[in-house]
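Input sequences plus hints: build the corresponding full structure.
These protein sequences, in sequence, are chains A and B. Remember, my numbering sits 110 above the position in the first sequence when you count from 1. Remember, my numbering sits 454 above the position in the second sequence when you count from 1.
Treat the hints as calculated values from the structure; they're not laboratory data. Treat each hint with caution, since some may be false.
[Said to hold, decoys possible] With a straight-line cut-off of 35 Å between C-alpha atoms, the simulated DSBU-like cross-links for lysine-lysine are: (1) Lys177(A) to Lys490(B); (2) Lys473(B) to Lys521(B); (3) Lys498(B) to Lys525(B); (4) Lys506(B) to Lys177(A); (5) Lys177(A) to Lys473(B).
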Amino acid sequence: QKEVEQNSGPLSVPEGAIASLNCTYSDRGSQSFFWYRQYSGKSPELIMSIYSNGDKEDGRFTAQLNKASQYVSLLIRDSQPSDSATYLCAVRGGSARQLTFGSGTQLTVLP
Amino acid sequence: DTAVSQTPKYLVTQMGNDKSIKCEQNLGHDTMYWYKQDSKKFLKIMFSYNNKELIINETVPNRFSPKSPDKAHLNLHINSLELGDSAVYFCASSQDTNQPQHFGDGTRLSIL
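Structure, rendered in structure tokens:
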């Protein structure tokens with residue numbers, strides 16, 4: 111079992127819709143969770159971090175964390191073509207100093 | 455102004471050569487990292503230094519040797535380059551081991 115799993119996609123949504131990206135992780139002691147956006151040929155860019163159960167909102171982005179289900183998600187409201195990118199979920203395990211990344215979900219927002 | 459800068463941006467070289475990639479951060483962070491991203495976009499940690507001390511050393515061939523002359527710099531030297539080393543190598547830094555990481559623009563290494 112992979113430590114951090116994401117649906118690789120591609121996920122396509124129409125402009126203005128809500129894009130929902132999901133991530134599960136295996137280490138039940140994980141404490142820190144991050145979403146990065148990576149445009150093609152560019153570096154990963156941090157867009158959200160979440161540390162406790164529940165929702166965290168920042169503009170059009172909402173991160174949701176459910177530690178009991180070992181599940182973290184990212185919702186993008188009012189999706190724009192400029193949101194088209196690969197979204198990487200990253201998890202820091204309970205005893206680990208490093209981040210473990212998922213393989214990423216490729217999102218395409220269709221105009 | 456660039457927070458985490460890597461050089462060179464592109465590196466094309468022959469199999470068997472030795473090459474180095476440099477990384478510098480001006481964020482005042484204590485922790486720096488090297489990642490490898492393969493053709494399938496999977497991002498995997500290679501090394502991490504905290505205040506010049508090696509704290510993460512994943513299963514990486516010993517042809518790869520990191521060096522941190524000070525906490526603002528983390529360089530990566532690769533000996534006897536192989537075809538499988540072709541990838542994008544990202545440097546990153548964070549305030550400490552628990553804080554979010556900020557990435558450089560990457561070094562695209564191609565082995566001929």
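Inset, instruction - Take the C-alpha atoms of lysine 177(A) and lysine 490(B), compute the straight-line distance between them, and say whether it is at most 35 Å. - result: holds (28 Å)
Inset, instruction - Could you grab the alpha-carbon distance between lysine 473(B) and lysine 521(B) and see if it respects the 35 Å cut-off? - result: holds (13 Å)
Legend entry - Distance restraint between lysine 498(B) and lysine 525(B), which requires alpha-carbon spacing of 35 Å or less: holds (22 Å)
Inset, instruction - Starting from lysine 506(B), check that the Cα of lysine 177(A) is at most 35 Å away, please. - result: Holds - the C-alpha atoms of lysine 177(A) and lysine 506(B) are around 34 Å apart, at most 35 Å.
Inset, instruction - Decide if the proposed pair is consistent with the structure: lysine 177(A) and lysine 473(B), CA atoms, cutoff 35 Å inclusive. - result: violated (43 Å)
The structure shown violates just one earlier hint, number 5.
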